[in-house]
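Take the position in the sequence shown, starting the count at 1, then add 6; the result is the number in our numbering.
Please keep in mind that the hints were generated in silico from the structure rather than gathered at the bench. All C-beta atoms, glycine included, are put in the ideal place defined by N, C-alpha and C. Among the clues, some could well be false.
Unchecked claim - Computed Cβ-Cβ distance ranges for the label pairs, DEER-style:
no., residue 1, residue 2, range
1, Arg22, Met59, 22 to 32 Å
2, Ile19, Val84, 30 to 40 Å
3, Val81, Ser33, 29 to 39 Å
4, Met11, Leu42, 22 to 32 Å
What the hints assert, rightly or not - Taking lysine-lysine pairs in the DSS-like style, the calculated list, with each CA pair at most 25 Å apart, reads:
no., residue 1, residue 2
5, Lys61, Lys47
6, Lys26, Lys61
7, Lys61, Lys50
8, Lys65, Lys50
9, Lys25, Lys58
10, Lys65, Lys26
11, Lys58, Lys44
12, Lys44, Lys23
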Amino acid sequence: MINYMIFLNYTIIEFRKFKKTYQEINSVLGRWSSFLTKASKLNKDNIPAELKMDKSIVKAISAVDRMFDEEERSVYEVRMQSLRIWKVKSPQQKKKD
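Let's have the full structure, built from the sequences with the hints guiding it.
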């Protein structure tokens, strides 16, 4: 039998007090905190090098851009709606399963 010990690390961040510049960021937590506090000022065409090194943050910035671009948001919402409709089964289909 294998015993696994799981260690969790909790960090509490007061985003209003997070004032680090991009040059002061030196950890994954710092990059994400910076993204979360400055997301409205970022776009996929102007990503600071300190954030660009993290592919997940670049992906998140692209998603935020989509949500703020009215046309892309409309396309996204229509796509998500069609996916929800596709997943919903009719009562007749449920009886067959």
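Hints, one by one, checked against the model:
1. At roughly 26 Å, the beta-carbon separation of Arg22 and Met59 lies within the given 22 to 32 Å, and the hint holds.
2. Here the CB-CB span from Ile19 to Val84 is close to 36 Å, well matched to the stated 30 to 40 Å.
3. In this structure, Val81 and Ser33 meet the distance hint of 29 to 39 Å, their C-beta atoms being roughly 36 Å apart.
4. Separation of Met11 from Leu42 is about 30 Å and conforms to the stated range, judged on CB atoms against 22 to 32 Å.
5. About 18 Å separates the Cα atoms of Lys61 and Lys47, which keeps this hinted pair within 25 Å; it holds.
6. For the proposed pair Lys26 and Lys61, the alpha carbon gap of about 21 Å is at most 25 Å, so the pair holds.
7. With a C-alpha separation of about 12 Å, the suggested pair Lys61 and Lys50 falls inside the 25 Å cut-off, and the hint holds.
8. With a C-alpha separation of about 9 Å, the suggested pair Lys65 and Lys50 falls inside the 25 Å cut-off, and the hint holds.
9. At roughly 19 Å between alpha-carbon atoms, Lys25 and Lys58 fall within 25 Å of each other, so this suggested pair holds.
10. Proposed proximity of Lys65 and Lys26 is supported: the alpha carbons are some 22 Å apart, at most 25 Å.
11. Between Lys58 and Lys44 the alpha-carbon distance is near 14 Å, which keeps this suggested pair within the 25 Å criterion.
12. Of the pairs offered as hints, the one joining Lys44 and Lys23 holds, with about 13 Å between alpha carbons and a cut-off of 25 Å not exceeded.
In summary, the structure agrees with every hint in the numbered list given earlier.
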